[in-house]
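These are the residues of each chain, in order.
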Amino acid sequence: MKLHEYQSKFLFAEYGIPIPQGKVATTAEEAYAIAKALGGLVVVKAQVHVGGRGKAGGVQVARDADDARRHAQRILGMDIKGLKVERVLVDPGADIQQEIYLAITNDRGAGKPLVMASMEGGMDIEALNRDRPDAIVREHIEPIMGLQDYQMTYIASAMGLPRAHWRSFGKILGGLYQCYSESDAELAEINPLVITGAGDLLAVDGKVIIDDNALFRQPTLTAQRDTSGEPESERRAREAGITYIKLDGQIGCMVNGAGLAMTTMDMTKLYGDADGIGPANFLDIGGGASPEQVAAALRIILSDDNVKCVLFNIFGGITRCDEVAHGILTAYNEVKPVVPMVIRLQGTNAVEGGKIIDEARIPNITSADTLTEAAQLAVAAVKEGA
Amino acid sequence: MSILIDKTARVLVQGITGRQGGFHAKLMMEYGTDVVGGVTPGKGGEWFEGKPVFDTMRLAVEATNADVSLVTVPARFAADAIMEAADAGVKLVICLTEHIPVADMMTVVAFCKRRGARLIGPNCPGVMTPGQAKVGIIPAMVATAGNVGVVSKSGTLTYEVGFAMKNAGIGISTIVGIGGDPVVGTTFVDVLEMFENDPETEKVALLGEIGGSAEIAAADYIKNAMTKPVAAFIAGRSAPPGKRMGHAGAIVDGGEGSAEEKILALEAAGARVAANPEEIPGLLA
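Going line by line, the protein sequences match chains A and B.
Residues in the first sequence are numbered from 834 upward in steps of one, following the numbering used here.
Residues in the second sequence are numbered from 8 upward in steps of one, following the numbering used here.
FYI, nobody ran anything at the bench for these hints, they're computed from the structure.
Just to be clear, a hint being listed does not mean it is correct.
[As the list claims (entries may be wrong)] DSS-like mimics (lysine-lysine), calculated; alpha carbons at most 30 Å apart, straight line:
id : chain 1 : residue 1 : chain 2 : residue 2
1  : A       : 914       : B       : 173
2  : A       : 945       : B       : 250
3  : B       : 250       : A       : 1040
4  : A       : 914       : A       : 1141
5  : B       : 250       : A       : 888
6  : B       : 173       : A       : 1188
7  : A       : 835       : A       : 888
8  : A       : 945       : B       : 98
9  : B       : 14        : B       : 120
10 : A       : 1141      : B       : 250
11 : B       : 230       : A       : 945
12 : A       : 945       : B       : 173
13 : A       : 1004      : A       : 856
14 : A       : 1216      : B       : 250
15 : A       : 835       : B       : 250
16 : B       : 210       : B       : 173
17 : B       : 250       : A       : 917
[What the hints assert, rightly or not] FRET-style restraints, in silico, Cβ to Cβ:
id : chain 1 : residue 1 : chain 2 : residue 2 : range
18 : B       : 121       : A       : 835       : 30 to 40 Å
19 : B       : 56        : A       : 987       : 52 to 62 Å
20 : B       : 282       : A       : 1053      : 41 to 51 Å
Quick caveat, the model's predicted, so the values are computed rather than measured.
Ideal placement from N, C-alpha and C gives every residue a C-beta, glycine not left out.
Based on the sequences and whatever the hints tell you, model everything.
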């Protein structure tokens, strides 16, 4: 779960990290009032879960409160990469002498938290990592021990931070680690951490991503979830306990197991890509696949108007294919889809399952033996319907 | 032969009185696995299918001399259960549980190393040595005994490929599901090394997916240290970047972990990569 910039920075502040004293506005008038109270130069920043806000015109410097109102008026309601801006953060302008990058993230390969720090902050860290990897200091934290003082000194020294800032940098890094660890964050990033003209350190922008699997023990953070950027169908699926991700293709996929679901998508693309045909979604129905689950999943898939064919790919292991076949037919009778459906059952009782499907003699249902055949039939069905 | 488990494995099931734990413990016993007992705190002294249930792993290991433990408890108790098993002296811990927080797994993996216990998973289907024993949920019908080792991040995709191999008359030495989480106890490289050193394994099938760099590390190992042929499939060619495809670890993040880069690395290392998993048996023949 991603936090917005303002949520991330307010969270940092709870851990003693200095942030600009800005506030959030949902209307231009609120932005005006905040800018007025702050006085002087302010920055109006769109709060959306997408990168590249600045380039899209979602971050503007305002010289006074009237100017802030004008900018807020324009930014609020703006569409940035398909997301509507509903809030802006109005921050006081900072006197920037130097921009630092500082982040703690999960290093999957090492299985340890990783601190990344660089004197070349402000820019896109992925680009820096690609073009000048030596400009980034990397230090692993032992999960059982936590961040140690000597590591903070090492990082400050190795990145070339002037000694005058070591003390305040240490406090910020310590606070960031505590924040990362107590929030179950996958990423806690300050970019940039600014050295001001007065010689202070200030977290001017922040980004926090929380591990979805830890949300059960993070009630305060969970309550901050902003679902406005989430497609309606994905929200409904999440509430039904089904993993569904909407894609751009025409073949709706219903599969048991995440790896097989991805593979099924890949097969539709393998055989359909030449004709511009591909998967309409990722969907993992999970184990069991009861008629209720299948019906719920089918409704979600069909809520996407792009779907011109539905492909079922079920590997029955402990689940029996004949039971799944009954489940699919029950769901079919309930939902009555008009698009063609291709059903491929493999594994335990696959022959019996296929027979049940065939004997139902539903005109828009075809059964297939192999995944290859199923994907090809689904691609052909989309081509025919086009 | 096999790696990790064979018919001599003495297995405890943590969470044996739970619905999932009990169901799969029974199937494991029917398969021939030597399940010596189970652990559920508060249910010590009860019996499950003629096997004793204990309150703690320490009591269970003392009484049964078990060397393998299967963790089937819910996510919020699973990290603790793995550490309890490692602390009790079990040498192999296999964890099926999905949705364990990554922060917990980082601590758990470090602790298991310290205790000298090998952890497989979490979020994995387990390990099966066809004809001898299975620890986990891999269905008995997906494989027959043979000389191909299978290592995979995914459950049903593994069953699919195992079953296709069986239909093509290709047997399996051991199937290892390493799990689809970002931080796991045992990696592709660990398992490839075991297969390389197992005299009964002649070829290996590797089933990877998008996200992370475990397949890249596997490609390095195949290139530098492996003498046995490897056939591979990488799931997620059609997955968009920045989206988590079901498995917690299956996400292309910051341009890293794409199917293309993994396929290229594996091919450059000499592995034969299938565009379609149904081609795997052909690549192994």
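How the hints compare with the structure:
1. In summary, the hint linking residue 914 of chain A to residue 173 of chain B is not supported, as the alpha carbons are separated by about 48 Å, beyond the 30 Å threshold.
2. Distance restraint check for residue 945 of chain A and residue 250 of chain B: the Cα-Cα separation of roughly 23 Å lies within the 30 Å cut-off, and the hinted pair is therefore satisfied.
3. For the given pair, residue 250 of chain B sits about 18 Å from residue 1040 of chain A by alpha-carbon distance, which is consistent with the 30 Å threshold.
4. The hinted pair formed by residue 914 of chain A and residue 1141 of chain A meets the criterion: a straight-line CA distance of about 26 Å does not exceed 30 Å.
5. A C-alpha spacing of about 23 Å is found between residue 250 of chain B and residue 888 of chain A, which places the hinted pair at or below 30 Å, so the restraint holds.
6. As the CA atoms of residue 173 of chain B and residue 1188 of chain A are separated by approximately 23 Å, the hinted pair is consistent with the 30 Å bound.
7. Between residue 835 of chain A and residue 888 of chain A the CA atoms are separated by roughly 20 Å; this keeps the pair inside 30 Å, and the hint holds.
8. Only pairs whose Cα atoms come within 30 Å are accepted, and residue 945 of chain A paired with residue 98 of chain B is accepted, the gap being roughly 22 Å.
9. A distance of roughly 25 Å separates the Cα atoms of residue 14 of chain B and residue 120 of chain B; the hinted pair therefore holds under the 30 Å criterion.
10. A distance of roughly 23 Å separates the Cα atoms of residue 1141 of chain A and residue 250 of chain B; the hinted pair therefore holds under the 30 Å criterion.
11. At most 30 Å may separate the alpha-carbon atoms for a hinted pair to count; residue 230 of chain B and residue 945 of chain A meet this at roughly 26 Å.
12. This hinted pair does not check out: residue 945 of chain A and residue 173 of chain B have alpha carbons roughly 39 Å apart, beyond 30 Å.
13. Taking the CA atoms of residue 1004 of chain A and residue 856 of chain A, the gap is near 24 Å; set against the 30 Å cutoff, the hint holds.
14. The hinted pair formed by residue 1216 of chain A and residue 250 of chain B meets the criterion: a straight-line CA distance of about 28 Å does not exceed 30 Å.
15. As the CA atoms of residue 835 of chain A and residue 250 of chain B are separated by approximately 13 Å, the hinted pair is consistent with the 30 Å bound.
16. Restraint check: the Cα-Cα separation between residue 210 of chain B and residue 173 of chain B comes to about 15 Å, which is no more than 30 Å; the hinted pair holds.
17. The suggested pairing of residue 250 of chain B with residue 917 of chain A holds, with an alpha-carbon distance near 20 Å, which does not exceed 30 Å.
18. Look at residue 121 of chain B against residue 835 of chain A: about 34 Å separates their beta carbons, and that is inside 30 to 40 Å.
19. Between residue 56 of chain B and residue 987 of chain A the CB atoms are about 56 Å apart, so this pair conforms to the stated range of 52 to 62 Å.
20. A C-beta distance of roughly 46 Å is found between residue 282 of chain B and residue 1053 of chain A, which places it inside the suggested range of 41 to 51 Å.
When each numbered hint is compared with the structure, violations occur for hints 1 and 12.
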